[in-house]
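2 protein chains.
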Amino acid sequence: MAEHANIKQRVMAESSKKRTEIAELGEFGLIDRLTAPFKATRKSTIKGVGDDAAVIEASRDTALVVSTDMMTEGVDFDLTYFPPKHLGYKAVTKGISDIVAMNATPEQVTISLGISSKISVEFLDELYSGIEFACREAEVDLVGGDTTASVNGLIISITAVGRAKKQSVVQRSGAKVNDLICITGNLGAAFMGLQLLEREKRVLQGINEPQPQFEGYEYLLERYLKPRARYDVVAALSKEKIVPTAMIDLTDGLASDLLQICKASKCGARIYLERMPLAKQTSALAEEMHIDPVVAALNGGEDYQLLFTVPLDQRENVMNVGHIDIIGHITAEDTGAYLVTPDGSEIKLKAQGFKEK
Amino acid sequence: MAEHANIKQRVMAESSKKRTEIAELGEFGLIDRLTAPFKATRKSTIKGVGDDAAVIEASRDTALVVSTDMMTEGVDFDLTYFPPKHLGYKAVTKGISDIVAMNATPEQVTISLGISSKISVEFLDELYSGIEFACREAEVDLVGGDTTASVNGLIISITAVGRAKKQSVVQRSGAKVNDLICITGNLGAAFMGLQLLEREKRVLQGINEPQPQFEGYEYLLERYLKPRARYDVVAALSKEKIVPTAMIDLTDGLASDLLQICKASKCGARIYLERMPLAKQTSALAEEMHIDPVVAALNGGEDYQLLFTVPLDQRENVMNVGHIDIIGHITAEDTGAYLVTPDGSEIKLKAQGFKEK
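Those protein sequence lines, which keep their order, are chains A and B. 1 is the number of the first residue of the first sequence in the working numbering; add one for each residue after it. 1 is the number of the first residue of the second sequence in the working numbering; add one for each residue after it.
Next up, chain A with everything else stripped away, as it sits in the complex (with noise of 0.2 Å):
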């Protein structure tokens, strides 16, 4: 009981204490520095914390993955321009793509909201209208959730739950040195629809009737408001049989997502710039705005693309899966990861970090 007569003091101690800024740590420092004191001791536990999703013992061969997802109004999306029905759908592609980054099936998912009271009941029929659409899509059952009031804005919170052989689950950990690396579709698609949605709000700000100038660049929109999660690769790549040696679906962009595999794999790696696949409206728009491609590539997050790596003798079998670029290959750890221009200059890799406003 001795503990809560010193409420008190504990409240006041707090203000007193020496305080550090998240921001001087990083989101991934954060992380670190907080789950550190964690030891797993369930036998059930395969994988604990540092992937995309926990694995745990279903039965003598199978698992099931969970992965856990936040997204906050005004930080992960603005309600300015995101219509609910897609912010539902991306909701749940955020989840899954997860559980896809692991190798497995998503199977089912839970949503839990934080309601202001800003948000109408029509509201959330619409965005569970577009909740209801990605489960039908991705054969997802919607199992659970919470709700609870929010003081200020929407909150989205969102668990995903796959399955897969115990022996098919890829983590981030298991890159070797000469394999290749990979990714699925194109990059810094998404991270241009985000600009060109925010340069037409600073332009249309006050004016009454906005009429936004999208022609064009209807693919960037649909990257950055309802992209699709890659569940379509799982099944190709064991169609296959390619087990990748490592996985992670690209959210913060390829720079952190392939630092992170190198991280967890204790490797380094070489990407080439001549290889980093763009679509046409992303350079188009990239040039229109003065963006420099390569930062929409390497730095651009939200594409929910798959980045691996495979041994170098399955070359062959990535190539029949089609729509994949091979960008280039894992080193040693000591030579660490950069990413090589045409004329042979390196420079090097940087994380992106917690995004805070």
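For the record, the hints were derived by calculation from the structure and aren't laboratory data. Errors might be hidden in some of the hints.
Each pair may be met inside one copy or between any two copies, as identical chains are not told apart.
[To be verified] Within a straight-line C-alpha distance of at most 16 Å, the following computed EDC-like cross-link-like pairs (lysine to aspartate or glutamate) qualify: (1) Lys165 to Glu57; (2) Lys118 to Asp32; (3) Lys280 to Asp292; (4) Lys43 to Glu139; (5) Lys39 to Glu137.
Could you slot chain B onto chain A? The hints should help.
Quick look at chain B alone, frame taken from chain A:
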């Protein structure tokens, strides 16, 4: 692509459409409305929306149960008086209590945070030391999470995973006429702890070096700030070979939570005023603050005790467990759900709803 050409119209349309306030439906009405269009399609989904936790196939005879909760600052907790260490502890309790309510053993949790700029690294260190303490005590592993920024206020989302033999999983829907209604511990203590904290906050507002008066009510503070989930009860029931017919954890208050069992089990209930277990401190503070202790018992939430039903012939076994009170019995659906006072009059039980600020 036509979809995206219409973004503006969608956003514009939103504002002119009918607007229904969430309070008009209430939390339970809202959830029913939003989740109605969803149909479970995966054969691994044993039980979806509508219980304390979802039930997912693990192996031939075991199931995993998964639950998710969200807590937002200013609604679910007040950092003026909630020490961060206790808050971390309580978040874990909130998560694993739902697992316990399915008669399953909690094994893993994930924690996601939305972090506002006023939160320091030292605050999060304290929060995580409470999380770590609760995990160690309950033998639960922290296996993942997510962090994002929050424009306003701290947000905590917790997902808990547990395991049970399929035949031991207890849902809300199995209560039968004449079953005994049982509760663990006592009622309304957390509610009175909250009243005390709120009173001291009001009284001491603006005072330098406030000296809150908590003497004699330390138990109530502990019940509100640091409640322990009743995972011990799952083990005790198993030892006595009791499988409840229905179970729920007491989070919204006895009236609301019993009505959930009645709704899911399509039954009524009679509970008896003189059998309500109240702690001495609960009654004493209620008297001091002119609060009807019956209101605290019926509508005070967050006790994290268990409410369950068993067949009449298990009365002996329940008594053997100890510290369990039989407060009434299940009746036919058309008789409704009532509290019976010592003079024989009946008071209709009413559900509490969404906490809106």
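Results of checking the hints against the structure:
no. : hint             : result
1   : Lys165 to Glu57  : both (10 Å within a copy, 14 Å between copies)
2   : Lys118 to Asp32  : neither (36 Å within a copy, 21 Å between copies)
3   : Lys280 to Asp292 : within (14 Å within a copy, 69 Å between copies)
4   : Lys43 to Glu139  : between (30 Å within a copy, 11 Å between copies)
5   : Lys39 to Glu137  : between (38 Å within a copy, 13 Å between copies)
Of the numbered hints given earlier, the model fails hint 2 alone.
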